[in-house]
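Trainee: Listed here are the chains, written in short residue letters.
Protein chains: 4
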Amino acid sequence: MNSFGKLFRVNIYGESHGNQVGVLIDGCPAGLSISEEDFTEDLLRRKSGAKGTTPRIEDDKPFLASGVFNGFTTGAPILISFYNKNAQSKDYKDLFRLPRPGHADFTAKMKFGGFNDYRGGGHFSGRLTLGLVAAGVIAKKLIHQIQIKAHLIEAGGETDIEKAIDQAINNEDSIGGIVECSAENLSVGLGEPFFDSLESLLSHAVFSIPAIKGIEFGSGFKAASMFGSEHNDPIVDSTGRTITNYAGGINGGISNGNPLIFRVAVKPTSSISKEQQTVNLNSGETEKLTVQGRHDACIALRVPVVLEAVTAIVLTDLMLLEGNIPRVINENSSR
Amino acid sequence: MNSFGKLFRVNIYGESHGNQVGVLIDGCPAGLSISEEDFTEDLLRRKSGAKGTTPRIEDDKPFLASGVFNGFTTGAPILISFYNKNAQSKDYKDLFRLPRPGHADFTAKMKFGGFNDYRGGGHFSGRLTLGLVAAGVIAKKLIHQIQIKAHLIEAGGETDIEKAIDQAINNEDSIGGIVECSAENLSVGLGEPFFDSLESLLSHAVFSIPAIKGIEFGSGFKAASMFGSEHNDPIVDSTGRTITNYAGGINGGISNGNPLIFRVAVKPTSSISKEQQTVNLNSGETEKLTVQGRHDACIALRVPVVLEAVTAIVLTDLMLLEGNIPRVINENSSR
Amino acid sequence: MNSFGKLFRVNIYGESHGNQVGVLIDGCPAGLSISEEDFTEDLLRRKSGAKGTTPRIEDDKPFLASGVFNGFTTGAPILISFYNKNAQSKDYKDLFRLPRPGHADFTAKMKFGGFNDYRGGGHFSGRLTLGLVAAGVIAKKLIHQIQIKAHLIEAGGETDIEKAIDQAINNEDSIGGIVECSAENLSVGLGEPFFDSLESLLSHAVFSIPAIKGIEFGSGFKAASMFGSEHNDPIVDSTGRTITNYAGGINGGISNGNPLIFRVAVKPTSSISKEQQTVNLNSGETEKLTVQGRHDACIALRVPVVLEAVTAIVLTDLMLLEGNIPRVINENSSR
Amino acid sequence: MNSFGKLFRVNIYGESHGNQVGVLIDGCPAGLSISEEDFTEDLLRRKSGAKGTTPRIEDDKPFLASGVFNGFTTGAPILISFYNKNAQSKDYKDLFRLPRPGHADFTAKMKFGGFNDYRGGGHFSGRLTLGLVAAGVIAKKLIHQIQIKAHLIEAGGETDIEKAIDQAINNEDSIGGIVECSAENLSVGLGEPFFDSLESLLSHAVFSIPAIKGIEFGSGFKAASMFGSEHNDPIVDSTGRTITNYAGGINGGISNGNPLIFRVAVKPTSSISKEQQTVNLNSGETEKLTVQGRHDACIALRVPVVLEAVTAIVLTDLMLLEGNIPRVINENSSR
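Chains as they are written, first to last, in the numbering used here: chain V, 1 to 335; chain S, 1 to 335; chain U, 1 to 335; chain P, 1 to 335.
Rather than coming from a laboratory, the hints here were simulated on the basis of the structure.
Everything numeric in this text was worked out from a predicted model, so none of it was measured.
Each residue gets a CB set at the ideal place from its N, CA and C atoms; glycine is no exception.
Hints may be right or wrong, so weigh each one.
Claimed, not checked - A short, non-exhaustive set of chain U residues, derived as facing chain V with CB atoms under 7 angstroms:
1. Gly31
2. Ser66
3. Gly293
4. His295
5. Val328
Construct all of the structure, not just a fragment, from the sequences and the given hints.
Mentor: What follows is the structure in structure tokens.
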């Protein structure tokens, strides 16, 4: 379904070329001060506009349609809408019969019997991550004591990321990348056995972000070639601090007080200007396809802020579950 | 929480050295023939007994305590219990104040205020995967048309797995490994936007298995260094068949009809006989620790059948959601 | 939380005097034709405008903000917004320190630390039922073979309802009423043991409607004074048809194929012009209060269409669970 | 499904004549002292054995199979099993083709395609309430500051209850009754808009108890014939105390600090020795039926303790949600 979270519940809705995209947040404590300015920084980071990102320009202004009164959350559901203004739907008409390789075009059409809004990817568009980022902004405010930071550490197999992107653009191609995320100052005890381990919840949320192909915590895939004597992090004091952090801050699915660290693999943008092969779903014959429209050469550039957002959402939900966030924030300022 | 699934709901319970471990399954359709023999093969695969696995011997006999009548599921909850018989609790007493590095000992104690059953890892023991395997057996029967296969493809960085394990045993150490899982013959359309993508649900379930550090679908982390023109799988016919399968059988979070493929990284067993450093939680001082007891040198050896089980559980839940499994199986044989 | 339903998930949001109220529906099958005209009849029934209902005039026009494309549902979440235009917030300012007896003013202020939007009842306003009615319209279309009908059978203890209302208006007072709801042509088998009995789900949804004080199924409270030999409905054929219907169409929490029948008690509108006693939350002293503003003399008049809506929502969810509604409606008309 | 609750999650399982019935409780805080003796009083109240209750004798001894260690809850799932010993399955064989009027025999057979365990009502038996009572005992301990009391206030339309029962027994018939439940000392603020009102959650849980036909809060059905000026409870101080309590302790779905009061209607026991009419599902013809076996003349006698249990379960879940119960009880006594 289009919702995530047990107590801090995030519902994503909308279509790339419809009236709006957005998020409905249920379970946010009352009394959190919130204004549209709070969203500016993260929304700008998501939009990027940097070399390698799409030239589609939307002002991406959040509209707080419910749940906020006199500058504070009320405890009622918060609807945040982003109206679509700059959509160019004509670019996408052919794709309904010519599914783009690597995209959801084919699966969405099959699953929804052809009734899906296919324009610009519809409900499957990366534009839907606006709602994630918006919910992340609120979550970050709720757990402000935790520092969550994500950044691109590699693109196209290179750490000189700018060079890799230039090369992809010159080739009318796209490249993938790896984004690392860390969260510091977590309390010990976040995550629930058996099924709601911290890794389970984070990976669940992370794989809702389009283009993610893998996730690893701490040592990750390197763990497979390590010895236990190397991998076990020696504990040095009664707060649980360890010398190394191969665990990535998690033991038994529960935060151990050391920094949470994980990395995700982002595939190269599926939409490329190079000619590709696909099938014509009307004729059943294969055809050559050149994807028109505006694309990111490296979608991974825009992932960090989204990754921070889903991390904040997961941690907020767990902090609420632990009773670490009150149901009313800052009661003194209530009127 | 200790449950997973929306319509086929799996609840794990029990402790390693308590009376029993097991699973309560809610939402299983009525009319599925089931006997205790159905569980034998997968339970044996899990137990293994091979070189590199623990010498603790339990008969691991499932007891069908409810929900099955005259050899068929009734539609009521199915309780499957495994009684513990061969537990040696004396091995673990010291560990309550000396948390084993790499284990849940420290986090469990902190989270549950010291009330957790620490014997043999208690509720965090790998023994809890018995319930997963049992639920997986039932799930596999419900989706028998799908072939799910997992196997260890690498251990300790080697593909000559036996050699790697011998070396670890000789060093009183342990090693990790990589397990690959595939599922063939999936229908197109499994997985739900926005948050219940097939990757989201699989990774959620997979990270409930102890010792997993990473998961990747299709191309996985290699995607990060590929070009879009390489990575996009060309579509060759109107069933959605592709030439390559870098997508791992999933586009936009939804199965595309090609084989589902993913790999997981398993860390080296945390319990090793080699001396390690930890903290004494009573004194606050560091101490040397040698973990007694019976351990697996390569826990990854026992992961494949568990990985198949959680895959089957996830796919069963999605097939029920799609209406692809009837609420009553094989109505003709009803009495 | 503000959501209901397992597969057909209804999320209510908004405030009486905020920008909008509405509903976000997740899990609606694709391919259902839907237009804003479909909502007209039920929205008019809810608005009423008849004697005994509030003179506040809103055009109550639904805006389909997402999830509908080319006149059909897409399978993505459907956001339906109703913009507020005719709110008169000045009427309500005093009530923040003078909670109206019988209202949520006091409990909402305590629960949300005074941050709740108190204008016109805010998120607790009867206006929120607009979203319920809108979701009910879609649900009714999905289960069009079932006839759901609710009507007011008694008001102020009288069956001559108009007379009772006149009397209440003349007294500047309000009256309650009893609404009966029936649903015909249900399939046998809706409702789930142990906790999701048909009565459990219906009552859960029904008590979300403001002003409901009781619910009874079939014989209801009369059952308490009946003999078993009277109350047991004799079964007359193998479809399960019974002579009497004291069961109200439900046995063991599961629909039995006979008409579903239940009644709800609606309390008199809490907002009345008569002087009442309350406490001044600033001074702690009791005060006399005369509630200004526009009120319904008999809110029960507006309940029938809302009751039909929640009944349709519950039945839709159960029909989806049983696989009785396809995930794509009318596949032939897909493009 | 067979589970209820968001944070304190109760899963009911088992069959009347199977191996066992019981409950799996997930989300119980760690550190609650618990022993089998804690269950004695409520289990005895449920069993009753008084005139008007079934002569089936089971020792109803709870077995704490998991989640309890050294006399305290561990935070892991708690499995409580009741083994069946005194079942007389031969009494029920004919009922599979001759569904008892008023029972779940017909609906269960249809829903589960004849695979349901029909012996003694199987999963639909009143015996399943053992698990509810057991979970209620734990819930009551968690919210010990709240006094929950239920009692039978009327049977067969009489307040001289004993006389009414005698008469029913003499007539080989059964009678219904009304049970009232109150809970005192609730904090203000329990219950969630829009769908998880206190009434919604309580009624959801209450209608899982077999034989309940109606529920009303505070004034209940009488509200329908009252004036607003009568029904509104005047508020007398800033704690929200009211003079009358027609609201039953709830406004806007949220507890207001006054006593919670509600009543339920219990139908007469369906199993009676008097001859009744039903259909033979093999032949399709109607037949006369005399239900053999052991029955309660007034099942309402056994409802109070079950009603207290579900009330305690609901309140515990809400108290956890509010953060009013810590995740670890009494940390000082941790070892």
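Trainee: With reference to the structure, classify each hint as holding or not holding.
Mentor: Taking the hints in turn, this is what the structure says about them:
1. Gly31: Cβ of glycine 31 of chain U sits 5 angstroms from chain V, so the hint holds.
2. Ser66: Constraint on serine 66 of chain U satisfied, holds at 5 angstroms.
3. Gly293: violated (19 angstroms)
4. His295: violated (22 angstroms)
5. Val328: holds (3 angstroms)
When the structure is compared with the earlier hints, violations turn up for hints 3, 4 and for no others.
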